[in-house]
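J.: Just need the whole structure built from these sequences, with the hints factored in.
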Amino acid sequence: MTKHQKRLSVPKSWPVERKTETFTVKAGAGPHGEEGVPLVVLLRDVLGYVDSKKEARYALSEDAILVNGEPINDEKRPIGIFDIVAFPGREEYFRVFPDEGGRLALTEIDEDAAGSRLGKIEGKQQVPGGDTQLTLHDGTNVLVEDGSEYETTDSIVVDNDDKSIVAHFPFEEGALVTAVRGNHGGKIGEIDAIDITPGSGPNTVGVSTDDDGFETIQEYIVVIDENFTGDDE
568 MTKHQKRLSV PKSWPVERKT ETFTVKAGAG PHGEEGVPLV VLLRDVLGYV DSKKEARYAL
628 SEDAILVNGE PINDEKRPIG IFDIVAFPGR EEYFRVFPDE GGRLALTEID EDAAGSRLGK
688 IEGKQQVPGG DTQLTLHDGT NVLVEDGSEY ETTDSIVVDN DDKSIVAHFP FEEGALVTAV
748 RGNHGGKIGE IDAIDITPGS GPNTVGVSTD DDGFETIQEY IVVIDENFTG DDE
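Residue numbers (our numbering): 568 to 800.
It is worth saying that the hints were derived from the structure and are not from the lab.
Beta carbons are placed, not taken as given, at the ideal position from N, Cα and C, and that holds for glycine.
Incorrect hints may have been included.
What the hints assert, rightly or not - Straight-line distance between alpha carbons at most 30 angstroms, and here's what the computed BS3-like set of lysine-lysine pairs gives: (1) Lys620 x Lys643; (2) Lys643 x Lys621; (3) Lys643 x Lys730.
Said to hold, decoys possible - FRET-style restraints, in silico, Cβ to Cβ: (4) Gln692 x Lys621: 34 to 44 angstroms; (5) Ile732 x Tyr616: 31 to 41 angstroms; (6) Pro638 x Gly706: 12 to 22 angstroms.
T.: Okay, here's the thing in structure tokens:
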């Protein structure tokens, strides 16, 4: 397996210029799969806080950077949609959120909002002992005693300290959503209709927006809350 990552072949969601240089940093193992952006790319190419991997390693060694409330010591740690990146010493807090086109961007939020993160439920199963395990979009798991109220495609808000669920947003008509991939990535609106496709084809979702509306496949839609649109006032 190659240790290098060509800029031209990175996922469309990565916030990097593709034609300035040949290579960029390859993401390490961790959440978000291939869509995850190495932390150093955000620090260097987006925020401009470091000029090199060496500077990034130094900052991380000082526990100066938290991701979802945890200090990170690996500059290649994958960062993805809805992660919380915090710089307590600078009193700066960001949520990873798609901009128009689906490219990942950093939305500045306040310290209170940085105490929890949004997760889309993509799997649900009962585990030994009777608890229910909810698998989120980034591959992390949350255990609940009673999973009957949660469905795949719903969203939850998880506290970064004790990992408890502090809010639950069902996937249903009228729900506030964002598209995280596809031609409509970054657009926000309310679900108008959910069309179930017979057979193996993907379900589609109609979304109304302030200016018009759009339709996309269900996989690309995530239920959010007003606090996750960047208007944290």
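J.: If a hint holds in the structure, say so; if it does not, say that too.
T.: Structure-based check of each hint:
1. Lys620 x Lys643: The hint holds at about 9 angstroms.
2. Lys643 x Lys621: OK: Lys643 and Lys621 at ~12 angstroms, within 30 angstroms.
3. Lys643 x Lys730: holds, 24 angstroms
4. Gln692 x Lys621: 34 to 44 angstroms: holds, 43 angstroms
5. Ile732 x Tyr616: 31 to 41 angstroms: holds, 32 angstroms
6. Pro638 x Gly706: 12 to 22 angstroms: holds, 20 angstroms
In summary, the structure agrees with every hint in the numbered list given earlier.
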